[in-house]
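Novice: Model the placement of chain B on the given structure of chain A, informed by the hints.
Protein chains: 2
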Amino acid sequence: MKKGKARGISRPTAERLSEYLLILEQHLFCGKETISSKELADVYGNTPSQVRQDLFQLEKTGRIRHGYNVNTLKTAIRNKLGLENTTNLAIIGCGKLGSAIAEHVPFSSYGMNLVALFDSHKSLIGKKIGGVVVENVADLEKSVRKMKISIATLCVPPSAAQEVVDKLVSAGGVRGILNYTQRRLKVPDSIVVRDRQIVCSFMQLAFFSNQGI
Amino acid sequence: MKKGKARGISRPTAERLSEYLLILEQHLFCGKETISSKELADVYGNTPSQVRQDLFQLEKTGRIRHGYNVNTLKTAIRNKLGLENTTNLAIIGCGKLGSAIAEHVPFSSYGMNLVALFDSHKSLIGKKIGGVVVENVADLEKSVRKMKISIATLCVPPSAAQEVVDKLVSAGGVRGILNYTQRRLKVPDSIVVRDRQIVCSFMQLAFFSNQGI
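Those protein sequences? They're chains A and B, same order as listed. In terms of our numbering, the first sequence opens at residue 102 and continues consecutively. In terms of our numbering, the second sequence opens at residue 102 and continues consecutively.
Looking at chain A on its own, in the form it has when it is part of the complex:
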């Protein structure tokens, strides 16, 4: 995976900004229209100076005397992260995890369109999940090209993971993969893979909570 900076922000900053965005939305939902760097840091779990350093990299943050205007800050983060662009997305593997993602993740609120679902099970092909019809994974390459899909999520069994990824690569156009399988994937350097092995989150939580860090 390549390392680097884009739009002048580093990878960790971009990660924090996406999480700040959800915190700001929660803050607005509670009827609070301003937020200080200390409040944001307390909820996120970092320091006010880190928050200010991150927000300093945005344009028009809505900085006011004792903090920020939440709506203006939200817009600034959305612009920086390019959430007004439209990214076409596919989910491959429509078992419980894939279906949960299709049904519950609010893609359209964050500049993404869920345009395709794939599975190999006859019982799922043709079914509608989260408003999208499940296609046969055998048609993956053709559909990925036709639907101009640029990011894909893998929720297939580990044994099928690399084969599916090879098809995504050969289809062309896919630039990012979110990998929920327990298998590490081989991809060309031009494709970004983010590994999200759920079992690792549990191992880390068990360790941190046992050690109190």
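Hints were generated in silico from the structure; no laboratory data involved. Among the hints, erroneous ones may be present.
One copy or two, either will do: identical chains are not told apart, so a pair holds if it fits within one copy or between any two.
Straight-line Cα separation of at most 20 Å, SDA-like style, residue types lysine to any residue; simulated pairs [to be verified]:
1. Lys197 - Asn170
2. Lys133 - Gln263
3. Lys139 - Lys229
4. Lys197 - His222
5. Lys197 - Ile165
6. Lys175 - Glu185
7. Lys229 - Gly109
8. Lys229 - Glu116
9. Lys268 - Pro207
10. Lys229 - Ser271
11. Lys247 - Gly232
12. Lys229 - Ala239
13. Lys175 - Gly132
14. Lys197 - Gln298
15. Lys249 - Gly274
16. Lys249 - Tyr211
17. Lys161 - Lys243
18. Lys247 - Ile226
19. Lys133 - Thr114
Specialist: Positioned in the frame of chain A, the structure of chain B alone reads:
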């Protein structure tokens, strides 16, 4: 959330070690009994020197001339992360995401016991998922105490999240929470919360893949 070191390793090191472990298992599965720091770094996506620095903090790594013995290294990581301890775990919210975790995450292979599931829907209470019977969330506090549950996962709707967490806190004994809801939680400093908002992973992937970082 508190910051710090435990057993002489930092939080990022512990996170990487848990991911190295899955890579080593995959390596063994492919019949490879030794691995070099370069091979491990190539799969993980960091540098050989970072890998060596992380592994240097383990005991008995199985260091051999051109790398490491995979089995010995696996054991060293498991020991460091305390995966031979037994941690009792509960999942709260047994919709598709909660059920997927209950059915597919191999907890017992990593020192954890899934001992309880909770939901508020009558159609789910009493049902067996991943070998465990779903209990009524109204009995949460009593069961958490009885089953000596120390880590919990939240897969409930955002509107129910804080209420469930307050019950977990008042039950006592819970030291870590993995939060899959889109809501940030208020907990005492003694409890570790790890936020895993799936939509953030998608925002980050869309951003990184658009920017090519």
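Novice: Indicate, hint by hint, whether the structure satisfies it.
Specialist: Evaluation of the provided hints:
1. Lys197 - Asn170: neither (39 Å within a copy, 37 Å between copies)
2. Lys133 - Gln263: Between. Shortest inter-copy distance 18 Å satisfies the 20 Å Cα cut-off; intra-copy 46 Å does not.
3. Lys139 - Lys229: neither (44 Å within a copy, 44 Å between copies)
4. Lys197 - His222: both (13 Å within a copy, 18 Å between copies)
5. Lys197 - Ile165: The answer is neither: 45 Å in one copy and 43 Å across copies each exceed 20 Å.
6. Lys175 - Glu185: within (12 Å within a copy, 44 Å between copies)
7. Lys229 - Gly109: neither (41 Å within a copy, 50 Å between copies)
8. Lys229 - Glu116: Neither way: Lys229 and Glu116 sit 32 Å apart in one copy and 37 Å across, limit 20 Å.
9. Lys268 - Pro207: neither (27 Å within a copy, 28 Å between copies)
10. Lys229 - Ser271: neither (27 Å within a copy, 41 Å between copies)
11. Lys247 - Gly232: within (19 Å within a copy, 42 Å between copies)
12. Lys229 - Ala239: The answer is within: 18 Å in one copy meets 20 Å, while 33 Å across copies does not.
13. Lys175 - Gly132: Within one copy only: 14 Å inside, 50 Å across.
14. Lys197 - Gln298: both (15 Å within a copy, 17 Å between copies)
15. Lys249 - Gly274: Classified as within: same-chain Cα gap 7 Å, cross-chain 49 Å, threshold 20 Å.
16. Lys249 - Tyr211: Within one copy only: 18 Å inside a chain, 40 Å across chains, cut-off 20 Å.
17. Lys161 - Lys243: This pair counts as neither: shortest intra-copy Cα distance 42 Å, inter-copy 50 Å.
18. Lys247 - Ile226: within (18 Å within a copy, 43 Å between copies)
19. Lys133 - Thr114: Neither: 24 Å inside a chain and 37 Å across chains, both beyond 20 Å.
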